[in-house]
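A.B. asks: Each chain, written out:
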Amino acid sequence: MRRAVTREAATNTTLALLLLAAPLAASAMGEPFYVTLATRIAVLALAAVGLNIALGLGGLVSFGHAAFFGLGGYAAGILATHAFNAEPLFLGIAGTTSMPAIWLVAMVVCGLVALPIGAVSLRTSGVYFIMITLAFAQMIYYFAISWPAYGGEDGLSIYLRNSFPWVNTAAPLPFFLVCYGLLLLGLLVFRALRDSRFGAALQAARQNEVRLAAVGIAPFDIRLTAFVISAMMTGVAGALFADLNHFVSPSMLSWHMSGELIVLIILGGKGRLFGPVAGAMLYVLLEHVLGGITERWQFFLGLILLGVVLFARGGLIGLVAGRQSHG
Amino acid sequence: MAETVLEIRDLRKSFGALKATDGVSLDLVRGEIHALIGPNGAGKSTLIHQIAGSLTPDSGTIRFLGRDVAGLDMAARARLGLARSFQTSSLAREFSALRNVMLAVQARQGSSLRFLRPVMQDASLTEPAMAMLARVGLAERAHVPAAELSHGECRQLEIAIALALGPRAFLLDEPMAGMGPEGSRRLTAFLDALRQEAPILLVEHDMDAVFALADRISVLVYGRVIATGKVDEIRNDPEVRRAYLGESA
Ligand SMILES: Nc1ncnc2c1ncn2[C@@H]1O[C@H](COP(=O)(O)OP(=O)(O)O)[C@@H](O)[C@H]1O
Ligand SMILES: [Mg+2]
Numbered sequence: 001m002r003r004a005v006t007r008e009a010a011t012n013t014t015l016a017l018l019l020l021a022a023p024l025a026a027s028a029m030g031e032p033f034y035v036t037l038a039t040r041i042a043v044l045a046l047a048a049v050g051l052n053i054a055l056g057l058g059g060l061v062s063f064g065h066a067a068f069f070g071l072g073g074y075a076a077g078i079l080a081t082h083a084f085n086a087e088p089l090f091l092g093i094a095g096t097t098s099m100p101a102i103w104l105v106a107m108v109v110c111g112l113v114a115l116p117i118g119a120v121s122l123r124t125s126g127v128y129f130i131m132i133t134l135a136f137a138q139m140i141y142y143f144a145i146s147w148p149a150y151g152g153e154d155g156l157s158i159y160l161r162n163s164f165p166w167v168n169t170a171a172p173l174p175f176f177l178v179c180y181g182l183l184l185l186g187l188l189v190f191r192a193l194r195d196s197r198f199g200a201a202l203q204a205a206r207q208n209e210v211r212l213a214a215v216g217i218a219p220f221d222i223r224l225t226a227f228v229i230s231a232m233m234t235g236v237a238g239a240l241f242a243d244l245n246h247f248v249s250p251s252m253l254s255w256h257m258s259g260e261l262i263v264l265i266i267l268g269g270k271g272r273l274f275g276p277v278a279g280a281m282l283y284v285l286l287e288h289v290l291g292g293i294t295e296r297w298q299f300f301l302g303l304i305l306l307g308v309v310l311f312a313r314g315g316l317i318g319l320v321a322g323r324q325s326h327g
Numbered sequence: 328m329a330e331t332v333l334e335i336r337d338l339r340k341s342f343g344a345l346k347a348t349d350g351v352s353l354d355l356v357r358g359e360i361h362a363l364i365g366p367n368g369a370g371k372s373t374l375i376h377q378i379a380g381s382l383t384p385d386s387g388t389i390r391f392l393g394r395d396v397a398g399l400d401m402a403a404r405a406r407l408g409l410a411r412s413f414q415t416s417s418l419a420r421e422f423s424a425l426r427n428v429m430l431a432v433q434a435r436q437g438s439s440l441r442f443l444r445p446v447m448q449d450a451s452l453t454e455p456a457m458a459m460l461a462r463v464g465l466a467e468r469a470h471v472p473a474a475e476l477s478h479g480e481c482r483q484l485e486i487a488i489a490l491a492l493g494p495r496a497f498l499l500d501e502p503m504a505g506m507g508p509e510g511s512r513r514l515t516a517f518l519d520a521l522r523q524e525a526p527i528l529l530v531e532h533d534m535d536a537v538f539a540l541a542d543r544i545s546v547l548v549y550g551r552v553i554a555t556g557k558v559d560e561i562r563n564d565p566e567v568r569r570a571y572l573g574e575s576a
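Quick mapping for you: the protein sequence lines, in order, are chains W and A.
For the first sequence, position 89 matches number 89 in the numbering used here, and the numbering has no gaps at all.
Heads up: take any position in the second sequence, counting from 1, add 327, and you land on the numbering used here.
Take these hints with a grain of salt, some might be off.
As the list claims (entries may be wrong) - Facing chain A, from chain W, some residues (calculated, C-beta under 7 Å):
| # | residue |
| --- | --- |
| 1 | Asn208 |
| 2 | Ala213 |
| 3 | Val215 |
Unchecked claim - Output of the computed footprint for chain A on chain W, the stretches with three or more beta carbons under 8 Å from beta carbons of chain A:
| # | segment |
| --- | --- |
| 4 | 6-18 |
| 5 | 258-270 |
No lab work stands behind these hints, which were simulated from the structure alone.
Glycine included, C-beta positions come from ideal geometry on N, C-alpha and C.
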């Protein structure tokens with residue numbers, strides 16, 4: 001048992017260092033494109049770490065997390081646009097181009113939206129839960145498409161990347177470091193939650209909700225809390241994603257995006273601390289390498305996913321580090 | 328007169344045309360083991376489910392510590408002090424035996440909305456949980472995942488979890504089932520002492536255990552209590568012998 005724990009820790013450290021070293025090297029060699037690729041990995045991984053709280057720890061297969069990813073993106077886009085045009089948002093509140101302020105807004109908005117969505121969805125389970133979360137996300141998607149004020153179908157451009165104190169976010173490497181730092185923070189939060197009393201109850205709810213209720217802990221309360229926290233983290237990643245692309249559009253809210261986040265987690269290892277990181281690395285590299293060869297690269301992604309589901313339920317992390325240990 | 332902890336009055340529950348609980352009234356008083364016996368399908372588990380809150384009765388009342396528990400779900404009843412074990416073990420199977428018990432210790436201490444301190448480094452959880460495992464003789468198996476425990480060990484773990492809740496009453500659904508004679512004998516001795524901590528409503532098929540332990544016995548047949556009394560009264564009740572004991576005698 002002890003060995004499995006350290007092997008997982010070694011795997012995680014390797015992945016973390018790799019994700020840091022690659023863009024540093026690329027930047028030194030004058031290859032900013034690869035820095036952007038690494039940033040994409042970090043941001044998608046953060047979004048998936050958020051989902052991993054609900055899906056991995058809680059067993060809640062949310063097929064609607066694109067809603068939170070997109071809302072985070074729109075928080076960045078809308079606040080930046082209002083600041084750029086010097087138009088107050090509403091009630092005289094000004095926009096902002098400060099990333100920390102945008103992240104805070106993204107978290108609050110996503111938390112407030114996730115609360116009712118979770119409260120309704122969590123009355124159901126299994127395939128109904130999947131469908132209801134999907135339905136809520138699609139409602140938000142169509143709302144974004146049909147609301148012309150913020151670009152509707154065309155989306156919203158962010159002309160200048162938002163700012164972070166003492167960092168030149170317009171340059172690829174500093175922006176990467178901001179995203180990377182936030183990913184590490186997200187991983188720390190995930191680990192703390194997983195190991196805490198809350199995490200124990202959440203994982204017990206996944207394994208056997210009757211057992212949890214029989215000791216006096218209401219599974220619903222625990223799951224709803226997890227769903228809200230999960231949405232907040234994915235929302236922050238959405239804000240970063242918009243800044244990365246200088247652009248936010250309804251596609252960030254679409255069910256494809258929800259599916260992509262689930263795929264990242266399954267590939268990497270659901271419930272595992274670095275599962276989303278491994279999954280995002282593999283996904284983005286496949287997208288880049290195979291995508292350069294064939295437009296049908298997702299066919300090969302499908303094959304790999306099939307292989308993982310059939311032969312390696314623990315995902316990449318499970319393959320390398322063995323089974324999950326619960327202490 | 329001893330203090331009544333659990334009071335069930337005219338409880339009814341049907342599954343379609345089947346009356347699984349058909350006007351059951353029953354008490355559990357402080358310090359006693361009240362055994363509930365009856366043939367398979369008599370409705371014993373169904374009754375336990377209704378008391379614990381995992382099934383809703385069609386009518387009748389259940390009062391626990393003087394309070395009508397009708398509006399309370401399973402978790403709320405557990406917090407009031409109703410601890411149950413399941414006829415088929417119900418555990419968090421990926422968690423170790425220790426973590427299963429820690430969950431109960433954590434629940435007893437209050438809110439689970441605590442996000443920072445790692446549970447495995449929290450002696451206020453691990454120590455009481457270890458003590459409970461030691462009491463049921465599972466200390467050596469503390470770090471084994473529940474999925475890898477033997478059938479008998481799962482039964483012991485269920486008891487340890489119930490103990491850790493520090494309950495005001497135990498609802499035990501066939502705790503000896505599949506335990507083997509040695510295990511049954513040890514559990515019998517254990518339950519004998521346990522009634523001082525909290526009264527036990529004991530559903531059990533092992534008649535040696537029932538006759539050794541029970542202060543009172545109720546006999547359930549087709550959802551009805553056909554007799555309640557002391558061990559000797561039940562043993563000698565002609566109706567009971569005909570309806571139930573006759574089968575095995
Ligand atoms: N959820 C259910 N739906 C329909 N019938 C049930 C259900 N649960 C139990 N029963 C039926 O109710 C009767 C009592 O079952 P149970 O309480 O498990 O009996 P016992 O525990 O005494 O063996 C049985 O006939 C059983 O088939
Ligand atoms: Mg039964």
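A.B. asks: Hint compliance check: list the failing hint numbers for this structure, sorted ascending.
C.D. replies: 4 and 5
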